[in-house]
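Asks: The chain contents come next:
Number of protein chains: 2
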Amino acid sequence: MSLIEERFARLATDNAPGQEVRQTGASGDVTLIGENIPGTPVDFSHGDVNTSAFAPTPGSLEEFVQGVHRGGQQAYTEYRGAAALRDEIASKLARFTGCPVSGSAELILTPGTQGALFLAVASTVVAGDKVAIVRPDYFANRKLVEFLGAEVVPVRLDYFDSGSQAGLNLDDLEAAFKQGATTFLFSNPNNPAGVVYSEAEILQIAKLANTYGVTVIVDQLYSRLLYSGTHYTHLRATEIDSDNVVTIMGPSKTESLSGYRLGVAFGASRLIDRMEKLQAIVSLRAPGYCQAVLRTWFNEPSGWMDERIAQHQAIRDDLLNVFSKSADLQVRSPQAGSYLFPRLPKLTIPLHHFVRALRVQAGVTVTPGTEFSPNSIDSIRLNFSQNHEAAVGAATRIVQLIERYRAA
Amino acid sequence: MSLIEERFARLATDNAPGQEVRQTGASGDVTLIGENIPGTPVDFSHGDVNTSAFAPTPGSLEEFVQGVHRGGQQAYTEYRGAAALRDEIASKLARFTGCPVSGSAELILTPGTQGALFLAVASTVVAGDKVAIVRPDYFANRKLVEFLGAEVVPVRLDYFDSGSQAGLNLDDLEAAFKQGATTFLFSNPNNPAGVVYSEAEILQIAKLANTYGVTVIVDQLYSRLLYSGTHYTHLRATEIDSDNVVTIMGPSKTESLSGYRLGVAFGASRLIDRMEKLQAIVSLRAPGYCQAVLRTWFNEPSGWMDERIAQHQAIRDDLLNVFSKSADLQVRSPQAGSYLFPRLPKLTIPLHHFVRALRVQAGVTVTPGTEFSPNSIDSIRLNFSQNHEAAVGAATRIVQLIERYRAA
Chain E
19 MSLIEERFAR
29 LATDNAPGQE
39 VRQTGASGDV
49 TLIGENIPGT
59 PVDFSHGDVN
69 TSAFAPTPGS
79 LEEFVQGVHR
89 GGQQAYTEYR
99 GAAALRDEIA
109 SKLARFTGCP
119 VSGSAELILT
129 PGTQGALFLA
139 VASTVVAGDK
149 VAIVRPDYFA
159 NRKLVEFLGA
169 EVVPVRLDYF
179 DSGSQAGLNL
189 DDLEAAFKQG
199 ATTFLFSNPN
209 NPAGVVYSEA
219 EILQIAKLAN
229 TYGVTVIVDQ
239 LYSRLLYSGT
249 HYTHLRATEI
259 DSDNVVTIMG
269 PSKTESLSGY
279 RLGVAFGASR
289 LIDRMEKLQA
299 IVSLRAPGYC
309 QAVLRTWFNE
319 PSGWMDERIA
329 QHQAIRDDLL
339 NVFSKSADLQ
349 VRSPQAGSYL
359 FPRLPKLTIP
369 LHHFVRALRV
379 QAGVTVTPGT
389 EFSPNSIDSI
399 RLNFSQNHEA
409 AVGAATRIVQ
419 LIERYRAA
Chain S
19 MSLIEERFAR
29 LATDNAPGQE
39 VRQTGASGDV
49 TLIGENIPGT
59 PVDFSHGDVN
69 TSAFAPTPGS
79 LEEFVQGVHR
89 GGQQAYTEYR
99 GAAALRDEIA
109 SKLARFTGCP
119 VSGSAELILT
129 PGTQGALFLA
139 VASTVVAGDK
149 VAIVRPDYFA
159 NRKLVEFLGA
169 EVVPVRLDYF
179 DSGSQAGLNL
189 DDLEAAFKQG
199 ATTFLFSNPN
209 NPAGVVYSEA
219 EILQIAKLAN
229 TYGVTVIVDQ
239 LYSRLLYSGT
249 HYTHLRATEI
259 DSDNVVTIMG
269 PSKTESLSGY
279 RLGVAFGASR
289 LIDRMEKLQA
299 IVSLRAPGYC
309 QAVLRTWFNE
319 PSGWMDERIA
329 QHQAIRDDLL
339 NVFSKSADLQ
349 VRSPQAGSYL
359 FPRLPKLTIP
369 LHHFVRALRV
379 QAGVTVTPGT
389 EFSPNSIDSI
399 RLNFSQNHEA
409 AVGAATRIVQ
419 LIERYRAA
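Listed in order, the protein sequences are those of chains E and S. The working numbering numbers the first residue of the first sequence as 19 and each following residue consecutively. The working numbering numbers the first residue of the second sequence as 19 and each following residue consecutively.
Just chain E, with the same shape it has in the complex (with noise of 0.2 angstroms):
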């Protein structure tokens, strides 16, 4: 196998979210037990931005139609994306993170959050370079490394029974930035597991950092939805070198307006500086027309985002209220975000073998632990922002099809 043959078979999509339609007659080699489950299919491997569902931030059409009215000037923004627009994001972000962020010189639009985290790596890795990645994490994390030839050193994040902590193995931290890991990258709220780090935890990342001149790029695409009961820290603001930190946001998920493709990264000019030079030869730029939807960010009609928090919060306690009644079915509570991860009982048959069954018998889409980290074998992760019924609905339907399956 040649070496770009050996990189890209480490990329495999086939069980990212959404890319299950491309699976192509493997399901004959499961064997399947028992009768279809009847009920509203759910495609937990994403939110739903239907208006039965979770629909776009209101007037984001409209800011669209504007942009598109305003032609060329919208159409071919700087590659960082447009002037004026940067400045009003800039000066939002600044009050919620509570640190200031400048608009011409430390931000940069990009498509999607998933541009910015590729741009964010892209700019601060290369080949043969060490990075500390959190297991479990949000999958393209570890992907990125591996593509850029970089080596992955694990940080555990011990999820289950950590108190008000998130559970971040601060010891596994230090030793991969005593071995040389010379970038940090990690979603907070986490990316599967749903919970957020502590106080403590983020400025004992910010010291740690500090301490061995580490560069840390923190992906903060929940860090909106956040439940109540919940703290939460901006590593930004914390005493971490400023020129050593990427905060990544977006308004794909809470906000629903993933299919504008729009992202964020913010922090030291020197990174988003590399991040536009790539960003120039990858994608030109966010697109144009799109970028004017961000006008209605951090700008929804008053009460619409508390509604929106307490509509998630609901699911989340009915769906954990579902799963409490299977026994030895494992669930943290998320604090934020709209992420369950739930640790299955052992089974009968594998892990991908079950995420099939239940597409196939039960109408369910969900993704598999394995995307998170290679340790999760026996974990299911959830996108429950969804049709509140459906999704419950469907819940009690995976309830069903562990029992089914499970080791006796």
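Because the hints were derived from the structure by calculation, they are not lab data. Hints should not be assumed to be uniformly reliable.
Stated by the list, open to error - Coverage of chain S stretches by chain E, computed from C-beta distances (three or more under 8 angstroms per stretch; other residues unrestricted):
id: 1; segment: 29–35
id: 2; segment: 77–91
id: 3; segment: 151–164
id: 4; segment: 267–281
id: 5; segment: 299–311
Where is the CB? At the ideal position from N, CA and C, for every residue including glycine.
Following the hints, complete the assembly by docking chain S onto the known chain E.
Replies: What follows is chain S alone, placed relative to chain E:
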């Protein structure tokens, strides 16, 4: 300088089209002669998509809005793009290029043709590889190769005095393949020179690629905008090994849809597969709602494309007429696309200073030839997809400033 600093130093975007606004302070070091010349400002660095020039395809915004109303299925497509849409586009491109395309296996939608180029090159080339690149050619080609740590092997395009040929130096090309270039990347029509490769040249490229087992990536972004008398040969419809060719197109130029960031790559399924895997970690997918706009592609109102081509041809002819009045200004009439690449007479100031003078003194933005070839230190590129009258006025001011700064 560290490896990553070096890599990004070569990715400079200061003179890239549209980035001129980020140049700071440096105009003080340019000694300007004479008064400013009044006139409507024209930005020739990219096409003008305003209604006073070349507006997007009729019905494009309506298709977008319908896409938004389709909700989740349009927002969350497979990474390679919505399946039904890929089938539809595949048949159109098969008809256009005269060679079958499979929508399910051989086509991917990308964020702009820039996205397609990046994915194609990064799916083909690894550090240490050699890649044949035409001089001059699209500025990102060289940068993509260098960013991946690969080596550019230049191939000359003698676009002046080449009769019915584009002027590709086929000896250079074979020499590049002989010395180990495994990939050949080029644009047809050529950006910036506007020349179309003859059938003989394309057949010879195919033959050499087969002989040496070279993968060819051909950027055909402008292949719909052909002026009268131009014959176009699609590389993929020749005897070239179909497993070794990827064709790139998109609706950003002739169709003025750049604000939607849409591109398409089609060809060898082994490479399209890799491109999808890479897209999954770079930007996930072409913007979901924007994908819907591709329904207008190759489906424009009757007569619309003919008229658009005629309008561009009329501007081309008027600009050539203006430039013919400047002694020693040399320009080949483009056979396709909307670029002029005139070679200027010897000036009293360096090219980059003259480009600055054009902007400051004449309100005219052009792209210096050095973006397209290190040898093009005496040329400027103009995208003449502009308001007709404004473009002619701006060309007249260019001629005036050439006379002003011309070496005795």
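Asks: For each hint, tell me whether it holds in the structure or not.
Replies: Hints, one by one, checked against the model:
Under a criterion of three residues with beta carbons nearer than 8 angstroms to beta carbons of chain E, the stated coverage of the segment 29–35 of chain S is upheld, 4 such residues being counted. Counting residues of the segment 77–91 of chain S whose C-beta lies closer than 8 angstroms to any C-beta of chain E gives 7; at least three are required, and the coverage claim holds. Taking a C-beta to C-beta cut-off of 8 angstroms, the segment 151–164 of chain S contributes 3 residues in contact with chain E, enough for the three needed, and the coverage statement holds. Counting residues of the segment 267–281 of chain S whose C-beta lies closer than 8 angstroms to any C-beta of chain E gives 4; at least three are required, and the coverage claim holds.
For the segment 299–311 of chain S, the assignment as covered by chain E holds, since 10 residues bring a beta-carbon within under 8 angstroms of that chain's beta-carbons and 3 suffice.
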